[in-house]
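Trainee: Taken in order, these protein sequences are the chains called A and B. Here my numbering is used: position 27 in the first sequence is 27, and no number is missing along the way. Position in the second sequence counted from 1, then plus 1000, gives you my numbering.
These aren't lab readings, by the way, just hints derived from the structure by calculation. Keep in mind that a hint or two might mislead.
Derived pair list, reagent style DSBU-like, types lysine-lysine, alpha-carbon separation capped at 35 Å [claimed, not checked]:
hint	chain 1	residue 1	chain 2	residue 2
1	B	LYS1026	B	LYS1113
2	B	LYS1336	B	LYS1113
3	A	LYS78	B	LYS1186
4	A	LYS82	B	LYS1160
5	B	LYS1076	B	LYS1160
6	A	LYS63	B	LYS1241
Computed spacing ranges between beta-carbons, pair by pair [what the hints assert, rightly or not]:
hint	chain 1	residue 1	chain 2	residue 2	range
7	A	ARG56	B	LYS1235	41 to 47 Å
8	B	LEU1055	A	THR23	21 to 27 Å
9	B	GLU1077	A	ALA126	41 to 47 Å
10	B	ASP1079	A	LYS53	46 to 52 Å
11	A	ILE17	B	GLU1229	57 to 63 Å
Note that the structure is predicted; figures quoted are calculated from it, not measured. Glycine residues also receive a C-beta, built at the ideal position from the N, C-alpha and C atoms.
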Amino acid sequence: MMPPAEGQNTREITCIICPLGCTLRVLLKGEGVIKVEGNRCQRGIIYAQGEVKPRRTLITVVKVYGGELPVVSVKTSKPIPKDLIPEAMKVISRVSVKAPVKAGDVIVENLLGLGTDVIATRDVKAV
Amino acid sequence: MREMQRDLTIIGGGPAGLAAAIKAWKLGIESITLIDESERLGGVLPQCIHTGFGLHYFGEDLTGPEFAARLIGRLKETDVEVLGGAYAAEINVKPDSFKEVYGYRYGEAFKIKSKAIIYAAGCRERTRFEAGILGERPSGVYTAGEAQTLMDIYGILPGKEIVIVGSGDVGLIMARRFALEGAKVKGVIEIMPYPGGLIRNIVQCLEDFGIPLYLSHAVAEVKGSRRVESVKVMKVDGNLKPIGPGFEIKCDAVILAVGLRPRIELLARAGALIDDATGGPIVNDWLETSIPGVFAAGNVLVVNDLVDYAAEQGERAAESAFKLISEGDLTRSGAKPLIRGRNVRLIVPQLVSCLQDVVFYGRVSAPEENVAIRFEEIGKIFRLPAVRPPEMFRVKVPASDLLRLRCEKLTVNVMRLEA
Ligand SMILES: Cc1cc2nc3c(=O)[nH]c(=O)nc-3n(C[C@H](O)[C@H](O)[C@H](O)COP(=O)(O)OP(=O)(O)OC[C@H]3O[C@@H](n4cnc5c(N)ncnc54)[C@H](O)[C@@H]3O)c2cc1C
Ligand code: SF4
C-alpha cells in the first residue's frame, strides 16, 4: 500500500466475518475509507467501513437490593461506540436497582445521551 | 423410594435437554419428566451473560440468560414435568425392558422407569492438574466457570490482577469481563501456536482491551503461600515441551479455561461405549448410544461451541425417542462406522445407517485454508474457505447420497484444494 498522503492514515484490523480472518489494511481520510487491502472478498470492505467507528454491545452486571441475587445481568439495547465503553461502565457501576427486576426492564435510560438504554437480561425476584 | 413410570426421561435441563423436552412434547410423547440437579433450569446459560447465543436457533443474537428464558418459556407451555434439585445417580437398562433412572431429590431416593432416556448432562471444566499446572495450592485459582458464576451471578470480583490460562472462547470471554470490571488482565496464556477461540472473540475480547496473548506458552507453576502471587510461564516448542528459563507474571488470581469434558460417568457406568476423540458416547445417526433407547445430546455428546447445535441435537434425540416409543423400534441394522481421516479430529455421529439424512458435527486438528470435507466412499464434497480447530463444522449429508455407500465404512477427509 502507498504511504498515506497528508491527512490520511492507515490502520490494520482483523476481519471477523469468516474463519479466514484476513488482516485488512485500511487507508483512511478522517472517517472515510479510501482503500482496503488484504481482504479476500467484498464483505471485508463492508466490515472495514463499519470498524472505522466500531460499536459494541456492552454487557455487565448491576447491583440489586432485596433480590434473590445480588446483581442482575444487563446489556445495552444497541451497540455503543467502543471508545465510550469506559465512560459507560463508570455510569453503570454507580447504578443500583431494587428487586424485583424483569428481563427487558430499562435500568439506565438514554445512556450518555446516546439514545441507547441499558436493559436487564434476566429476572431477579424480590425476597 | 418414590417410583414413577414415564414414556421419556430427560436428564439435564440445559439447552439440549430443554429443546429435547419441548420437541418431544410437540411430537406427541405424553408423559415426559425432565430432571436437573440444579433448581435453576438453563444449564450453563444463566452464567453466560454475554451475547452470541441463538443466531441460528432463534435468528437473533441473545445473551445466555435470554436464550434460556426463551426455552424455559416454551417449556412452560407444555405439560412436561420438571423435577429440579433431582440428581440422577444411576442408569440401569436391561435388554427389552424399561430403562431405569435412579436418583435423589431432597434426600429422598427416586426411580423413574421409562421407555426412553435422553441424556443431556453437559460437560465439566478440566482442572489445573489435568492441564499439568504444578506448584503450590494457594487460594485465587478458579476455573472460568467458577469465576463467571462469582462475577455474573453473585457480583463478586475474584481478583484484580488476572492471568488467564487457555485462549478458547471461555477464556477470551472471561478476559473481557475482567477488563470491563476494572481488573488488569496481565495476559492470556495459550500452549498451542494458534488461538483456541473464534476470531470474533480474539478481536472483541483481547484486541479491544489491549490484552496480551502469549501463543506457544504454558503456565508451568502457580506460586504463592496463602494467596496466588505469581505464575511461572514457559515457552513451548513444536512438541509442546517447555523450553528456556521461563518468566514470572505477578497476579492475584489465575483463571483456568483449559477445556471441557463431557460428563459421561453415568453413561459409562451403565456400559455405554465412549469415543476417545470426543470424550462422549459413541452414537448412531439416531443419536442413540450403544445402550438401546438411551440417547445423548448437547455437550455430553460432543463439546459444542454453539448453543444452537446443542439445542439441535436435543431436538434430534427427541425425534428418535418419539419414533422408538411410537413404533417400538428403530432401524439400526447395518450401521457403518465413520472413519476419521486426514485432519479430522472428531466427528459425530460415529455410526450411520445410510437410511436417513444425517447432520455431522466435526472438528479439525489443525487450521487450514481452501479445503473440502470429503466423504470418500460416496464422493460427497463440501467446500469451505477455511477450517480452524475452535470452529466446529456442521454438514448435512442427504439420505440419497448415503444410500450409495457400498462399503462397510465411511471415511471423512479434510482435503486441501488447489488455489
Ligand atoms: C463460558 C461459556 C461460554 C459460551 N459461549 C457461547 C456463545 O457465545 N455462544 C454459543 O452459542 N454457545 C456458547 N457456549 C456453549 C453453550 O453454552 C453450550 O454449548 C450449551 O450450554 C450446552 O448445553 P447442554 O444442554 O448440553 O449442557 P449444559 O448447559 O451444561 O446443561 C447440562 C445440565 O445437566 C444437568 N446435569 C448434569 N448431570 C446431571 C445429573 N447426573 N443429574 C441431574 N442433572 C444433571 C446440569 O445441572 C445442567 O443443568 C458457551 C459455553 C461456556 C461454558
Ligand atoms: S475479507 Fe472476506 S474472506 Fe477475508 S475474513 Fe473477511 S469475509 Fe472472510
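Trainee: If a hint holds in the structure, say so; if it doesn't, say that too.
Mentor: Going through the hints against the structure:
For the proposed pair B/LYS1026 and B/LYS1113, the alpha carbon gap of about 22 Å is at most 35 Å, so the pair holds. Taking the CA atoms of B/LYS1336 and B/LYS1113, the gap is near 31 Å; set against the 35 Å cutoff, the hint holds. Our distance criterion of 35 Å between C-alpha atoms is met by A/LYS78 and B/LYS1186, whose separation comes to about 30 Å. Between A/LYS82 and B/LYS1160 the alpha-carbon distance is near 23 Å, which keeps this suggested pair within the 35 Å criterion.
Only pairs whose Cα atoms come within 35 Å are accepted, and B/LYS1076 paired with B/LYS1160 is rejected, the gap being roughly 41 Å. Restraint check for A/LYS63 and B/LYS1241: not satisfied, since their Cα atoms lie roughly 45 Å apart, outside the 35 Å limit. Between A/ARG56 and B/LYS1235 the CB atoms are about 33 Å apart, so this pair departs from the stated range of 41 to 47 Å. Range check, B/LEU1055 to A/THR23: about 25 Å between beta-carbon atoms, so the 21 to 27 Å window is met.
At about 25 Å, the CB distance of B/GLU1077 to A/ALA126 disagrees with the hint of 41 to 47 Å. Distance hint check: the CB atoms of B/ASP1079 and A/LYS53 are about 51 Å apart, consistent with the given range 46 to 52 Å. Here the CB-CB span from A/ILE17 to B/GLU1229 is close to 42 Å, at odds with the stated 57 to 63 Å.
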